[in-house]
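K.L.:
Residue numbers for the sequence shown follow the working numbering, so the first one is 535 and each next one is one higher.
Keep in mind the hints are simulated off the structure, nothing from the lab. Note that the structure is a prediction, hence the values are computed from the model and not measured. For every residue, glycine included, the Cβ atom is placed at its ideal position computed from N, Cα and C. Certain hints may be false.
Keeping only pairs whose Cα atoms sit at most 27 Å apart, straight-line, the calculated DSS-like set for lysine-lysine is [said to hold, decoys possible]:
hint : residue 1 : residue 2
1    : 536       : 614
2    : 653       : 632
3    : 708       : 614
4    : 684       : 614
5    : 536       : 653
6    : 536       : 642
7    : 632       : 706
8    : 632       : 708
9    : 632       : 642
10   : 632       : 684
11   : 653       : 642
12   : 653       : 614
13   : 614       : 642
14   : 684       : 653
15   : 653       : 680
Ranges between beta-carbon positions, derived for each pair [what the hints assert, rightly or not]:
hint : residue 1 : residue 2 : range
16   : 562       : 622       : 29 to 35 Å
17   : 654       : 676       : 28 to 34 Å
18   : 626       : 538       : 38 to 44 Å
19   : 590       : 558       : 18 to 24 Å
20   : 706       : 572       : 37 to 43 Å
21   : 537       : 626       : 27 to 33 Å
22   : 578       : 682       : 24 to 30 Å
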Amino acid sequence: MKIARQLRDTNIAEYLLYMWQLEDTLRAYGCDADRLRDEYVSRFDLADEERREEAQWLSDLCTMMREEGVLESGHLQMNKGTLSLMTDLHLQLLQSPKHPFYSAAYYKALPFIVELRAKSGHTDAPELENCFEALYGVMLLRLQKKPVSKETQEAVTHISHLLAMLADAWRKEKAGELEL
Numbered sequence: 535m536k537i538a539r540q541l542r543d544t545n546i547a548e549y550l551l552y553m554w555q556l557e558d559t560l561r562a563y564g565c566d567a568d569r570l571r572d573e574y575v576s577r578f579d580l581a582d583e584e585r586r587e588e589a590q591w592l593s594d595l596c597t598m599m600r601e602e603g604v605l606e607s608g609h610l611q612m613n614k615g616t617l618s619l620m621t622d623l624h625l626q627l628l629q630s631p632k633h634p635f636y637s638a639a640y641y642k643a644l645p646f647i648v649e650l651r652a653k654s655g656h657t658d659a660p661e662l663e664n665c666f667e668a669l670y671g672v673m674l675l676r677l678q679k680k681p682v683s684k685e686t687q688e689a690v691t692h693i694s695h696l697l698a699m700l701a702d703a704w705r706k707e708k709a710g711e712l713e714l
């Protein structure tokens, strides 16, 4: 919970990736609140009250996952909502003449996004969702110590740059510092 709050406030792209990873972690524990508390939360160096809060938060997320039917796959509505808001900002930045560097980063990443969409078959998903799926997939490969091709790494470099710029714009917008 503490990490999620920090990331939500400082880097919305990292927050979304963290939340996707957390969804998978909850699935790995079968969304069992007792197991999560005893086997997962217990590993963190937290004060007793923080440990109780973390366990309750994870239990609440599990309840949401059950209610929303995403125990096997998919994402929580709150994460979909975050992605939707990011997509809205992404489109506003692309339409704004005040952000040519963002548009340039987008057009550098676009060929890779198009290729990813074609390979994944998720052509109806928002482009940003494809971007996050690519980053998440590479993160999983690295965690499994599997190789990442040179081509994939190049794509991820461009996509990461685009999402970093979007996250910075998000932070500025939330602070009232972004002009569109």
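K.L.:
Now look at each hint and say whether the structure bears it out.
P.N.:
Hints, one by one, checked against the model:
1. 536 / 614: Roughly 20 Å between the alpha carbons, so the hint for residue 536 and residue 614 holds.
2. 653 / 632: This hinted pair is violated, its Cα atoms lying about 33 Å apart.
3. 708 / 614: Status holds; Cα separation ~19 Å.
4. 684 / 614: Judged against 27 Å, a Cα distance of about 30 Å means the pair is violated.
5. 536 / 653: 36 Å, violated
6. 536 / 642: Since the Cα atoms of residue 536 and residue 642 sit roughly 35 Å apart, the hinted pair is violated (cutoff 27 Å).
7. 632 / 706: With a Cα-Cα distance of about 14 Å, the restraint between residue 632 and residue 706 holds, given a limit of 27 Å.
8. 632 / 708: With Cα atoms ~18 Å apart, residue 632 and residue 708 stay inside 27 Å; holds.
9. 632 / 642: 18 Å, holds
10. 632 / 684: 33 Å, violated
11. 653 / 642: 19 Å, holds
12. 653 / 614: Roughly 22 Å between the alpha carbons, so the hint for residue 653 and residue 614 holds.
13. 614 / 642: This hinted pair holds, its Cα atoms lying about 25 Å apart.
14. 684 / 653: The given pair, whose Cα atoms are some 17 Å apart, holds under the 27 Å limit.
15. 653 / 680: 19 Å, holds
16. 562 / 622: 29 to 35 Å: 32 Å, holds
17. 654 / 676: 28 to 34 Å: 19 Å, violated
18. 626 / 538: 38 to 44 Å: For residue 626 and residue 538 the Cβ distance comes to about 25 Å; the hint is violated.
19. 590 / 558: 18 to 24 Å: 20 Å, holds
20. 706 / 572: 37 to 43 Å: Holds - the Cβ-Cβ distance for residue 706 and residue 572, about 42 Å, lies within 37 to 43 Å.
21. 537 / 626: 27 to 33 Å: With a Cβ separation near 28 Å, residue 537 and residue 626 satisfy 27 to 33 Å, so the hint holds.
22. 578 / 682: 24 to 30 Å: Holds, since residue 578 and residue 682 (Cβ atoms, about 29 Å apart) stay within the stated range.
Hints 2, 4, 5, 6, 10, 17, 18 from the earlier list are contradicted by this structure; the remaining hints agree with it.
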